[in-house]
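**Q** Sequence:
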Amino acid sequence: MHISITDDLKKRFHASCVMRGKNMSQVVIELIEQWLESNEVHQAGEIKRL
222 MHISITDDLK
232 KRFHASCVMR
242 GKNMSQVVIE
252 LIEQWLESNE
262 VHQAGEIKRL
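Residues in the sequence shown are numbered consecutively from 222, following our numbering.
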């Protein structure tokens, strides 16, 4: 996956991840999983909302 973000945002994100002992990929995966849990379309065609 490739995304474009500003250098400042990347630096802030990296620093925050390091402070928590995680790498950026781990955090991105967690965020994607959380987003999917709230937004993915289920078999009935409805969007799950929390």
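These aren't lab readings, by the way, just hints derived from the structure by calculation.
Treat each hint with caution, since some may be false.
Said to hold, decoys possible - Below 25 angstroms or equal to it, Euclidean Cα-Cα: the simulated SDA-like pairs (lysine to any residue) are:
#, residue 1, residue 2
1, Lys232, Asn244
2, Lys231, Ser246
3, Lys231, Leu257
4, Lys231, Arg241
5, Lys231, Val248
6, Lys231, Val262
7, Lys243, Val262
8, Lys232, Val262
9, Lys232, Ser246
10, Lys232, Gly242
11, Lys232, Val249
12, Lys243, Ser259
13, Lys232, Met222
14, Lys232, Gln255
15, Lys243, Asp228
16, Lys232, Glu254
**Q** Give a verdict on every hint.
**A** Verification of the hints:
The suggested pairing of lysine 232 with asparagine 244 holds, with an alpha-carbon distance near 12 angstroms, which does not exceed 25 angstroms. The straight-line distance between the Cα atoms of lysine 231 and serine 246 is roughly 12 angstroms, inside the 25 angstroms bound, and the hint therefore holds. With a CA separation close to 23 angstroms, the supplied pair lysine 231 and leucine 257 stays within the 25 angstroms bound. Our distance criterion of 25 angstroms between C-alpha atoms is met by lysine 231 and arginine 241, whose separation comes to about 15 angstroms.
Our distance criterion of 25 angstroms between C-alpha atoms is met by lysine 231 and valine 248, whose separation comes to about 13 angstroms. As the CA atoms of lysine 231 and valine 262 are separated by approximately 30 angstroms, the hinted pair breaks the 25 angstroms bound. Taken as a hint, the lysine 243 and valine 262 pair is broken in the structure, with Cα atoms around 29 angstroms apart against an allowance of 25 angstroms. Simply put, lysine 232 and valine 262 have alpha-carbon atoms about 33 angstroms apart, too far for the 25 angstroms limit, and the pair is violated.
Between lysine 232 and serine 246 the CA atoms are separated by roughly 14 angstroms; this keeps the pair inside 25 angstroms, and the hint holds. Taking the CA atoms of lysine 232 and glycine 242, the gap is near 15 angstroms; set against the 25 angstroms cutoff, the hint holds. Taking the CA atoms of lysine 232 and valine 249, the gap is about 14 angstroms. The hint holds against a cut of 25 angstroms. Between lysine 243 and serine 259, the direct Cα distance comes to roughly 23 angstroms. Compliance with the 25 angstroms bound is thereby established for this hinted pair.
Between the alpha carbons of lysine 232 and methionine 222 the distance comes to roughly 19 angstroms, so the proposed pair stays at or under 25 angstroms and holds. A threshold of 25 angstroms between alpha carbons decides the hint, and for lysine 232 with glutamine 255 the separation of about 23 angstroms falls inside it, so the pair holds. Between lysine 243 and aspartate 228 the CA atoms are separated by roughly 19 angstroms; this keeps the pair inside 25 angstroms, and the hint holds. Only pairs whose Cα atoms come within 25 angstroms are accepted, and lysine 232 paired with glutamate 254 is accepted, the gap being roughly 23 angstroms.
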